[in-house]
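Engineer: Spelled out from the first residue to the last, the chains are:
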Amino acid sequence: MKDEVTREERVTKLKGLGCSRKRVEDARFTQGKGNYVDDINLPGMLTGDFVRSPCAHARVKSINTDAAMALEGVVAVLTAKDLEPLGLHWMPTLAGDKQMVLADGKVLFQGQEVAFVVATDRYIASDAVELVEVEYEELPVIVDPFKSMQSDVVLREDLDPKAPGAHGPRKHHNHIFTWEVGDEAGTNAVIDDADIVAEESMYYHRTHPCPLEPCGSVASMDKVNGKLTLWGTFQAPHVVRTVASLLSGIEEHNIRVVSPDIGGGFGNKVGVYPGYVCSIVASIVTGVPVKWVEDRMENLMSTAFARDYWMKGKISATKEGKITGLHCHVTADHGAFDACADPTKFPAGFMNICTGSYDIPIAYLGVDGVYTNKAPGGVSYRCSFRVTEAVYFIERMIEVLAIEMNMDAAELRRINFIKKEQFPYHSALGWEYDSGDYHTAWDKALKAVDYDGLRKKQAERVEAFKRGETRSIMGIGLSFFTEIVGAGPVKNCDILGMGMFDSCEIRIHPTGSAVARLGTISQGQGHATTFAQILASEIGISADSITIEEGDTDTAPYGLGTYGSRSTPVAGAAAAMVGRKIRAKAQMIAAYLLEVHDDDVEFDVDRFVVKGAPERFKTMGEIAYAAYNQAIPGLEPGLEAVSYYDPPNMTYPFGAYVCVMDIDVDTGVPTINRFYALDDCGTRINPMVIEGQIHGGLTEALAVALGQEIAYDDMGNCKTGTLMDFFLPTAWEVPNYETDFTVTPSPHHPIGAKGVGESPHVGGVPCFSNAVQDAFRPFGNRHTNMPHDHWRIWKAANDLGMHD
Amino acid sequence: MTKQIVTMTVNGEKKEVLAEPRELLIYVLREKMGMTGPHVGCETSHCGACTVEIDGKSVKSCTMFAAQAQGAEIKTIEGLGSPENLHVLQESFKEHHGLQCGYCTPGMITRAHRLLIENPNPTEEDVRFGIAGNICRCTGYQNIVKSILSAAAELNAAKEAAQ
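Chains as they are written, first to last, in my numbering: chain A, 1439 to 2242; chain B, 14 to 176.
So here's chain A without its partners, still in its complex pose (with noise of 0.2 Å):
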């Protein structure tokens, strides 16, 4: 038969790999047709609500649940107590610490569960909360970590002040872990003798997540079958449902956790709350299914934060600006409970990535973990674990440096990246670097943003300023980030024990179609439509004949879940690994049906043709049917395989970005006139859906920097646990971005991407910051701690004397 359609069309079909395919989901959501936790409404389903301490810190003197229970429609109020026996009234976080889920003896946090009130409606629910009466005996409350290392006052009674942590030894009874990398004498002979040394201390200020739909869970224990079924927000159903089990003592088998479609993560959603397993155990005890759904102060005030890190760093440079050594320090504020999301043997994270993009030949970095009377949690806001911190004290390290010597940042910075022909490079603290081609796009991103029109400008701009023709400054943001990501390794990274591989299963269907199904779980990147697009490449089916199916943990192949960007680093290259096994077999069907040896057949977009006679083929669809419809000497009928990836290393996303910003001295308010945006993804998948990727990270770095913070008063009230006073910018504050890239592909990935989600806000956090920072250089700046809202960027002028 000859074939009418030509080879371009095909591959057009095909809609694979590097092409704008537009998102499958968006059909159901432009309708209203998702289906969110809330959206979940079963039979008889009661709902749950939490009784929350007024107080940081406080001793619990006594619980009275008696009128909240003579309240009509209320069915349980469980405390401590109740969970006691069944072991459940503390859990294990996932960084090897464990939290009370209800409060045993004592709180440590403003808004921390104490009771949960189980009722027929979530307004009964609401007036039994207010009906639960508490007794607290006031505690001395610590929200200062450097403070806590001095107090005498113990917050976590339930620890043995000498016995080691997860994490080693502890030096006070307030402190969590020390960890060191690098060669601290090493670096610190370095640094005594360099030339130039810069010294700074900065404060990356405690934020959150707040994806717009909050957490929450509905259990439905099944008594008849034995079997609990739990639908919640989970960025890693299946070590959810590994905690599940290990936490009730129902096997694992029995247990089916979903994600629905997720209203958000950004790092939220990757651990275990106190809401989930007491809606598992209300479930349990009232034997129908009990719902529990967070609001908005719930959510800022006890659910995961990020940052809170302290950082002091010193770098040492030759007199022409090459970078001799960096020796970084940081206090890590966890808050009341030790509850990152980090793999085991990072107990800060990938931290140790501070060096940046620069060939920096000694280095050392060391962080102490510190409890205080804040909520928990330590989450990756939106980037790999803790890389934003990291790269945010580089970049200010670089800038800080390059005012001490007097120099234009980003000739220091050009002076400095890892040069091409040095990858693999292995840095200092311990990474071996993929690929990258740092100075092309640097070059690449100056050229674009015209940098040396822009610093005249800014000159000009200066000189105006101090002839009092204009109250506006100019700022220009630098930022030249590198991301870890696709966490990782199974020799090195785990939590709490499981290797994080992850995995890809697919099933081709006789007609041709399939189903394939990935132990990560999309909140919003768009995986039914990327997965699709990596899988059509690989085995020469179109993309819009592949369903995508993720967070059914029944269904689903076990994998680490969505977050630190290991998406498309890990389970994509489990995806194009299982499209591999199927070309396999599908080859040796084609070479059967064609009546020629296997080696005599080759691949060709959708089809397997003999070589040198392309007229001669098979298609993928015919093949399909064949493996189903025809008895095959040597195979079993079936199409279908299963990949489970182990990634030999992590992969390294970098980008160069460039912010110009006008500040108003007056009134503290930036306005960003430009904002410019390079990314080094290697191979990309769909790149509509990266510039989204690109346009919300950035979106969430400008609310970082300049804005978005979770703030305590000395009495560990939080002070921002509301969208009144926690910023989220709107449409009106956020500029257009314009998005560049180049591409250099991970040598060791199979299709050669890197991941992209998490880049934009890990390069954009310092590049906004920088951009504020930069404007105030020239009247004497050196550095200020974001976030840079109006108030602080008035100050940073008042403090100058820029308004005298």
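In short, the hints are calculated from the structure, not lab data.
Where a beta carbon is used, it is the ideal one built from N, C-alpha and C, also for glycine.
Among the clues, some could well be false.
[Stated by the list, open to error] Mimicking DSSO-like on lysine-lysine, the simulated pairs with C-alpha atoms at most 30 Å apart in a straight line are:
1. B:K70 x A:K1471
2. B:K107 x A:K1451
3. A:K1752 x A:K1858
4. B:K172 x A:K1460
5. A:K1471 x B:K45
6. A:K1885 x B:K159
7. B:K45 x A:K1665
8. B:K45 x B:K88
9. B:K172 x B:K70
10. A:K1857 x A:K1752
11. A:K1661 x B:K45
12. B:K27 x A:K1471
13. A:K1460 x A:K1609
14. A:K1600 x A:K1585
15. A:K1460 x B:K107
16. B:K28 x A:K1471
17. A:K1499 x A:K1536
[Stated by the list, open to error] Computed beta-carbon distance windows for the label pairs:
18. A:S1500 x B:I18: 41 to 47 Å
19. A:K2233 x B:I18: 53 to 59 Å
20. B:A145 x A:S1500: 46 to 52 Å
21. A:E1442 x B:D68: 54 to 60 Å
22. B:I130 x A:N2236: 44 to 50 Å
[Unchecked claim] Covered stretches of chain B (chain A as the covering partner; in silico rule of three or more C-beta atoms under 8 Å from a C-beta of chain A):
23. 140–154
24. 166–175
The hints should help you fit chain B onto chain A, whose structure is shown.
Structural biologist: Using the frame of chain A, we list chain B on its own:
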């Protein structure tokens, strides 16, 4: 608490529900009428995920009692188009990647719908100001703005063609 009958027209259909005076409209829509398109994001009128149209105005249904909607004409995302015949805005959001996780989308599109009725020829600034009551955490708004401007152009072209 004593319940009362509340009558309203939702997406062209007369509906009658029993609700306590304190019940918020969003919960009545979502839990008693099965309209799960509008979402709850903050319960303080900040995020706009719960936006619906009431008597020709964009309203955040998380801070209005159902009883206040007595006799009202309500439109939710469910009433905007049908699977066979999507509204221009719904098509445009798909076309321009104006959504990611989808949680803000129903409120955002419902708001955009009212905005384009009030101002059929908006500038980019008008759109940005007009949707400033609706928060999106995923897209950075750039593609949302693009989607709305493109839908406006398309609606205007269709109107012109009809004349």
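Engineer: Please go over all the hints and tell whether each is borne out by the structure.
Structural biologist: Evaluation of the provided hints:
Restraint check for K70 (chain B) and K1471 (chain A): satisfied, since their Cα atoms lie roughly 23 Å apart, inside the 30 Å limit. Annotation: proposed proximity of K107 (chain B) to K1451 (chain A) holds, straight-line Cα distance about 19 Å (limit 30 Å). Under the criterion of a C-alpha separation no larger than 30 Å, the hint pairing K1752 (chain A) with K1858 (chain A) is consistent with the structure, at around 26 Å. Taking the CA atoms of K172 (chain B) and K1460 (chain A), the gap is near 27 Å; set against the 30 Å cutoff, the hint holds.
In summary, the hint linking K1471 (chain A) to K45 (chain B) is supported, as the alpha carbons are separated by about 16 Å, within the 30 Å threshold. Straight-line distance between C-alpha atoms of K1885 (chain A) and K159 (chain B) comes to about 27 Å, which keeps the hinted pair within the 30 Å bound. A hinted pair counts as satisfied when its Cα atoms are at most 30 Å apart, and K45 (chain B) with K1665 (chain A) qualifies at roughly 29 Å. Proposed proximity of K45 (chain B) and K88 (chain B) is supported: the alpha carbons are some 16 Å apart, at most 30 Å.
A threshold of 30 Å between alpha carbons decides the hint, and for K172 (chain B) with K70 (chain B) the separation of about 22 Å falls inside it, so the pair holds. Proximity of K1857 (chain A) to K1752 (chain A) is assessed by CA-CA distance (about 23 Å); at most 30 Å being required, the pair is judged to hold. For the hint pairing K1661 (chain A) with K45 (chain B), the CA-to-CA distance comes to about 28 Å; that is within 30 Å, so the pair holds. As the CA atoms of K27 (chain B) and K1471 (chain A) are separated by approximately 21 Å, the hinted pair is consistent with the 30 Å bound.
Restraint check: the Cα-Cα separation between K1460 (chain A) and K1609 (chain A) comes to about 54 Å, which exceeds 30 Å; the hinted pair is violated. For the suggested pair K1600 (chain A) and K1585 (chain A), the alpha carbons sit about 20 Å apart, so the restraint of at most 30 Å is met. For the given pair, K1460 (chain A) sits about 7 Å from K107 (chain B) by alpha-carbon distance, which is consistent with the 30 Å threshold. Among the hinted pairs, K28 (chain B) with K1471 (chain A) is consistent with the structure: their alpha-carbon atoms are about 20 Å apart, no more than 30 Å.
With a C-alpha separation of about 22 Å, the suggested pairing of K1499 (chain A) with K1536 (chain A) holds against the 30 Å cut-off. Distance hint check: the CB atoms of S1500 (chain A) and I18 (chain B) are about 43 Å apart, consistent with the given range 41 to 47 Å. Between K2233 (chain A) and I18 (chain B) the Cβ separation comes to about 56 Å, which falls inside the hinted range of 53 to 59 Å. Roughly 47 Å separates the CB atoms of A145 (chain B) and S1500 (chain A), a value that falls within the hinted 46 to 52 Å.
About 57 Å separates the C-beta atoms of E1442 (chain A) and D68 (chain B), a value consistent with the hinted range of 54 to 60 Å. In this structure, I130 (chain B) and N2236 (chain A) meet the distance hint of 44 to 50 Å, their C-beta atoms being roughly 46 Å apart. Under a criterion of three residues with beta carbons nearer than 8 Å to beta carbons of chain A, the stated coverage of the region 140–154 of chain B is upheld, 14 such residues being counted. Counting residues of the region 166–175 of chain B whose C-beta lies closer than 8 Å to any C-beta of chain A gives 0; at least three are required, and the coverage claim is violated.
Going through the hint list in order, the structure does not satisfy hints 13 and 24.
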